[in-house]
Amino acid sequence: MGIIVNLDVMMAKRKISLSELAQRVGITNANLSILKNNKAKAIRFSTLESICRELNCQPGDILEYVPDEK
Amino acid sequence: MRYYGKHSMAGFLKIMLDILLVVGLGMFIFICKNTFSSGDFNISIPRKIFIGSLFFIGSMCLMSILLNLRKIVSSLIIVSPFIKQNVLSLRNISIECFIIALCYLLNFLLNTNYGKFKLVFIDVKGIHTDLAFFIFFFAGCFILILSKVFQQAVDVKEENDLTI
Numbered sequence: 176m177g178i179i180v181n182l183d184v185m186m187a188k189r190k191i192s193l194s195e196l197a198q199r200v201g202i203t204n205a206n207l208s209i210l211k212n213n214k215a216k217a218i219r220f221s222t223l224e225s226i227c228r229e230l231n232c233q234p235g236d237i238l239e240y241v242p243d244e245k
Numbered sequence: 595m596r597y598y599g600k601h602s603m604a605g606f607l608k609i610m611l612d613i614l615l616v617v618g619l620g621m622f623i624f625i626c627k628n629t630f631s632s633g634d635f636n637i638s639i640p641r642k643i644f645i646g647s648l649f650f651i652g653s654m655c656l657m658s659i660l661l662n663l664r665k666i667v668s669s670l671i672i673v674s675p676f677i678k679q680n681v682l683s684l685r686n687i688s689i690e691c692f693i694i695a696l697c698y699l700l701n702f703l704l705n706t707n708y709g710k711f712k713l714v715f716i717d718v719k720g721i722h723t724d725l726a727f728f729i730f731f732f733a734g735c736f737i738l739i740l741s742k743v744f745q746q747a748v749d750v751k752e753e754n755d756l757t758i
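Heads up: the sequence lines are chains S and A, in that order.
Our numbering puts the first sequence at residues 176 to 245.
Our numbering puts the second sequence at residues 595 to 758.
No false leads were mixed into what you were given.
Selected chain A positions facing chain S (Cβ under 7 Å, derived; list incomplete):
#1 E753
#2 L756
#3 T757
#4 I758
Hints were generated in silico from the structure; no laboratory data involved.
Ideal Cβ placement from N, Cα and C applies to all residues, glycine included.
Could you put together the complete structure from these sequences and hints?
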């Protein structure tokens, strides 16, 4: 599993849409969607900082580590 | 001078490859018709079949190389060279180079004038070489390595594209 992005959970708590968050953070809807759907390979600190600022949360609220099942 | 994108050297090269494809196909049909179907080619039937097969396989490989090069150049025109398709094209070109090298080797072995093998020689008609086998073999090796390098570039690009 690895790193899980719980962006949709935080977005629902703050009642903010994908397009509005993407506009505030300064990335495209497509990129934010990639992040939300766990398709991203990496995230820049600057992007993580912007998301945490706009959602008023900590990185741990968005990112979760789940060990791989062997 | 622009090397890739629209109205660049890549665009010019694509036009040249299109012309080469048409001319090559025409020459292949012309040679087949004039050489193998005429009565002037006085060799035994099995040998004729063998030479004809080598010529056919070599020509088809050359056509395929031109088609694959055309695909690669098309991706350069749209400025997107690091794609999976180009990795496959380069790999196919290297395989076809090896096949052509094999055709040259079999042609050399069939023609038993081993004593007349010359690396480079000059006569009244100009400069000639019997090194065609080595040229295609080393080209195949280099292009195979290039396909692996391209594969790495595709992986790095994908990683970069999926970095938010």
